[in-house]
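Spelled out from the first residue to the last, the chains are:
2 protein chains.
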Amino acid sequence: MAQAPKANAVVGQSGGPTGVINASLVGIIEEANNHPEIKNLYGAVHAVAGMVKEEFVDLKKISADVLEAVAGSPSSALGSSRDKPDAEYCAKIFEVFKKRDIRYFFYIGGNDSANTAHIINNMAAETGYDLRAFHIPKTVDNDLLVTDHCPGFGTAAKFEACALMGDDLDNRALPGIKIDVIMGRNAGFLTAATVLGRQRDDDGPHLVYVPERPVSMEKFLGDIDGVYKKLGRCVVAVSEGICDTDGTTWAEKVAKFKEVDSHGNIQLSGTGALADYLAGQVRGSLKIKRVRADTFGYLQRSFAGLQSAVDAEEARACGREAVKLAMTEISGSVAMKRLGNGADYAVELFRTDLSNVAEFTKSLPDEYINADGNNITDAFVEYAMPLTGGLPKTEYLGNNPKV
Amino acid sequence: MAQAPKANAVVGQSGGPTGVINASLVGIIEEANNHPEIKNLYGAVHAVAGMVKEEFVDLKKISADVLEAVAGSPSSALGSSRDKPDAEYCAKIFEVFKKRDIRYFFYIGGNDSANTAHIINNMAAETGYDLRAFHIPKTVDNDLLVTDHCPGFGTAAKFEACALMGDDLDNRALPGIKIDVIMGRNAGFLTAATVLGRQRDDDGPHLVYVPERPVSMEKFLGDIDGVYKKLGRCVVAVSEGICDTDGTTWAEKVAKFKEVDSHGNIQLSGTGALADYLAGQVRGSLKIKRVRADTFGYLQRSFAGLQSAVDAEEARACGREAVKLAMTEISGSVAMKRLGNGADYAVELFRTDLSNVAEFTKSLPDEYINADGNNITDAFVEYAMPLTGGLPKTEYLGNNPKV
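Protein chains in written order, with the working numbering: chain A, 1 to 403; chain B, 404 to 806.
Because the hints were derived from the structure by calculation, they are not lab data.
Honestly, I wouldn't trust all of these hints.
Calculated lysine-lysine pairs in the DSBU-like style (CA-CA distance at most 35 Å, straight line) [to be verified]:
id	chain 1	residue 1	chain 2	residue 2
1	B	Lys-442	A	Lys-402
2	A	Lys-6	A	Lys-60
3	A	Lys-53	B	Lys-796
4	B	Lys-796	A	Lys-402
5	A	Lys-393	B	Lys-464
6	B	Lys-740	A	Lys-289
7	B	Lys-464	A	Lys-84
8	B	Lys-409	A	Lys-84
9	B	Lys-727	A	Lys-393
10	B	Lys-633	A	Lys-92
11	A	Lys-402	B	Lys-805
12	A	Lys-84	B	Lys-692
13	A	Lys-289	B	Lys-495
14	A	Lys-61	B	Lys-633
15	B	Lys-656	A	Lys-53
16	A	Lys-53	B	Lys-805
17	B	Lys-632	A	Lys-61
18	A	Lys-229	B	Lys-456
19	B	Lys-464	A	Lys-230
20	A	Lys-60	A	Lys-92
21	A	Lys-402	B	Lys-463
22	A	Lys-229	B	Lys-805
23	B	Lys-656	A	Lys-253
Let the sequences and hints guide you as you build the complete structure.
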C-alpha cells in the first residue's frame, strides 16, 4: 500500500444525468476537504471533454450553501459527456494529468465510465505514474454489476412509482387503455419500479413488459384484452427496450416505418413513436375507443425536487467513500452491499476492481419477473421499495359500496 | 332568499383530473357535515354518468383519515366523465334528483361542468323544484372566466416548473435542442408556467410558444437557430395547441401525414407525434445533431405527491364555500379574487352566476406574452408564482470561472 501522494485531484460526471449524481459530487468535494493530500480539486466541465480541453472549475472555492443546493439539484452540475475515450483520447487526458500534477481521478458514471477509469489507470501503471483512479456508480438504469443497486435508481424509481400511482388513478377516473413507455435501455429495473406505488388489488400497472422477456404483439394485445374484459380498463408499463420474439426491439421495428412529407425530412424514430405505435395497435386490433400512450422521457432522470432521501444519502456516501479509498488504494469502483431489508434496510460500502464493473451490465433477475413475463413479483418490491425513500398514500372512493 | 331545504345533496367530479380536484371534494364533504340541512351527501361515481345510473357513494361514511388521503390524491376519487349532457340527459338526472330528494347539486369541473349545472338549475326553476346548483372551478388549463385563477392550475404549474428546471439542467449537461410539448388545449397558461423555475440569465426554456400567438415553421426554426448560435443549446416549450399562421393547429397538420405498415393500422396522431415532428423539422433544417423532444402527457395533471400547498388549500376552500353559498343562494360558481401579490398574496372567494362561467373560456392575456411571441413576461411570473407554493432552488457549476 503506497502512501497517498500530495497532489491535485480531478472529478468528472459522465453519461446521462440522474437525480443524485450531484450528491455524489458533493460527497467527493466534502471528503476531499478532509484530506490535505488533495491540494486542488478540479471539476472537469463536461467530463472527459473538459479534461482534454483543461476546462476545470475550482471545487474548493464553492460555498457550503451552494454545495447543498448542488447536492439537491438534478442533472450533472459540471456538465456531462457521451464521449467514450479510446486509447488516444485517454493519452491526451493523461498528458493533462501530468502537466497539472493530477494524481487523483474520480469519475462518476456507468460502466463506460468505469472502463475509462480502468484504461487511464492501466496507462498510469504502465508508465509508473502514481495515479489513484476511482469510479463512483451512477445510473437510473440500475444495470451495474457487483453493487446491490446504483445511486440514481432510487430517485428514478420514486418518479416511476409516483407517475404510475397518478396515472392509474387518472385511468380509474376516465377508464380505457393507457400505455406508458419507460426508460432503462436493455434493463427492466426502472420499468419494474412502476409497480411500487400499487396499493389496492386492482391498482395498475396491470401489465409490465421488460426487455428481459421478449413478447409478441399477439401476446401483448391478448394480455391487454384480458385485463380490459375483467376491469374495463388497463394500465400498461412497457420498457423502451422491449423486444419481439424474433430478438429485435420493437423500437427498431417502429423506426423502419418511413414517414414522408413534402420536405421529406420527418423522422418517425422519435421518442413518442413506440408509444404511438402501440396505442395504434391496441386501437386497431381490440377496437377499444379510449387508448392513450405516454413516453415519460427525460422527466424520469431530471425532474427537480423529487429526490429519494435514501438515494441522495447513499450517492453522497459513495462519493465520500471514493476519496477515503483513494488514500489507501490505487484504484477501484465503489459498491454497495445490502445488510438488511424492510425496516432493517441498511448498506455498507466496499471497493471492487474497476474491471469487475467496466465490461458488462446487469439485467433484471428472473425472480423479479412473473412466469407469464407480463408482471413483476413481490420479491422485486421488497428489493426496490427501501430505495424510494417512502411514497405517498392515495385513496380512491369509486369502489366503495353504492347507496 | 329562500330558506335552505332539508334534503339530500349530490357531488360529482367532471372532466380531466387535476392534482387538487379531490381537495375540493373533501372541502364539500367537511362543510356539508356542518349543515344539518344536508341529510345524505351522495358522491356520484363517474359524474353525470353515475347520476343517471344512480351509482352513489355515501360520503358521510368516509373516515377522517381516508378523507385526508383523498384530499392529497391526484385525479378524481369519485371517477370522472367526459359526457356533455344535453337536455334529455339532464332530464334523466333531474328525475333521479326528484326520486332521491336531492336538492343540492355540487359539480366540480371546467366550463362544461358549469354549463351542466346551469342547464339543470334552469330546468329546476322551470318546474318549481327547489334545487341549489353550484359549480366549483377545476382545470389545469386555467381557462375559466371570472376567477383570478383555477384550482388545479397551481399544482400543474408546479409540475411544469420542476420539469423544465430539471430539463434545462439536463440540457446544460448534454447540450443540444430540447423541445417539450405542454398541455393546455387552446390556452397558454400551463405552457407559460414552464418559465417559473428559471433562476439564471441563461436558464431555459429559452423559447415559449403558446396558442395565443400563431407562429410559422420558418420563425420557429429561426428562433431556435438564433438561441443555439448564442448558447450552443436551446430548450423550447411548445403548447399542444400551437397554431400556424394560417390558423390551423400544428397538431392537425401533423395528423394529416398518414403512416402505413403492413396492417395499415398505425395512427400518427398520437400524443408523441407533434413532438417528434418538430424534432424532425429542427434536425432536418438546422442540421443540429442532438435534438430531443418530449410530450409530458398525463403526468402533468396526475403525478402523485406533487401538490402545490396553496393550490390544495384554495381548492378545499372553494369546495367549502360552495356548500356555504348553497345555504343562502340558489345557484352560482365559486370564484377567487386576488387581494395581494408576492409576499402579500391572498385571495377572497365570491359567487358569480353560472352563466358567467359556462359559455366561454379565457386566453393567456397579452401582457403575459412578449412582443416577439416567443417568450413569457415577468408580469406572468408575478401572477403565477404564488400559486405554485414554492419551488426548489438549483445550482449549476459549469459556468464558474475556469482554473
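A quick look at each hint next to the structure:
Between the alpha carbons of B:Lys-442 and A:Lys-402 the distance comes to roughly 17 Å, so the proposed pair stays at or under 35 Å and holds. Taking the CA atoms of A:Lys-6 and A:Lys-60, the gap is about 16 Å. The hint holds against a cut of 35 Å. At most 35 Å may separate the alpha-carbon atoms for a hinted pair to count; A:Lys-53 and B:Lys-796 meet this at roughly 30 Å. The suggested pairing of B:Lys-796 with A:Lys-402 is violated, with an alpha-carbon distance near 46 Å, which exceeds 35 Å.
Proximity of A:Lys-393 to B:Lys-464 is assessed by CA-CA distance (about 20 Å); at most 35 Å being required, the pair is judged to hold. As the CA atoms of B:Lys-740 and A:Lys-289 are separated by approximately 40 Å, the hinted pair breaks the 35 Å bound. For the given pair, B:Lys-464 sits about 62 Å from A:Lys-84 by alpha-carbon distance, which is inconsistent with the 35 Å threshold. Proposed proximity of B:Lys-409 and A:Lys-84 is contradicted: the alpha carbons are some 75 Å apart, above 35 Å.
With a C-alpha separation of about 30 Å, the suggested pair B:Lys-727 and A:Lys-393 falls inside the 35 Å cut-off, and the hint holds. A distance of roughly 29 Å separates the Cα atoms of B:Lys-633 and A:Lys-92; the hinted pair therefore holds under the 35 Å criterion. Between A:Lys-402 and B:Lys-805 the alpha-carbon distance is near 67 Å, which puts this suggested pair outside the 35 Å criterion. Between A:Lys-84 and B:Lys-692 the alpha-carbon distance is near 17 Å, which keeps this suggested pair within the 35 Å criterion.
Of the pairs offered as hints, the one joining A:Lys-289 and B:Lys-495 holds, with about 25 Å between alpha carbons and a cut-off of 35 Å not exceeded. For the proposed pair A:Lys-61 and B:Lys-633, the alpha carbon gap of about 28 Å is at most 35 Å, so the pair holds. A threshold of 35 Å between alpha carbons decides the hint, and for B:Lys-656 with A:Lys-53 the separation of about 45 Å lies outside it, so the pair is violated. With a C-alpha separation of about 11 Å, the suggested pairing of A:Lys-53 with B:Lys-805 holds against the 35 Å cut-off.
Restraint check for B:Lys-632 and A:Lys-61: satisfied, since their Cα atoms lie roughly 31 Å apart, inside the 35 Å limit. As the CA atoms of A:Lys-229 and B:Lys-456 are separated by approximately 21 Å, the hinted pair is consistent with the 35 Å bound. For a cut-off of 35 Å, the pair hint linking B:Lys-464 to A:Lys-230 stands: about 28 Å separates their Cα positions. Distance check on the hinted pair: A:Lys-60 and A:Lys-92 sit about 25 Å apart at the alpha-carbon level, within 35 Å; holds.
Taken as a hint, the A:Lys-402 and B:Lys-463 pair is honoured in the structure, with Cα atoms around 13 Å apart against an allowance of 35 Å. Restraint check for A:Lys-229 and B:Lys-805: the C-alpha separation of about 62 Å exceeds 35 Å, so the hint is violated. Between B:Lys-656 and A:Lys-253, the direct Cα distance comes to roughly 25 Å. Compliance with the 35 Å bound is thereby established for this hinted pair.
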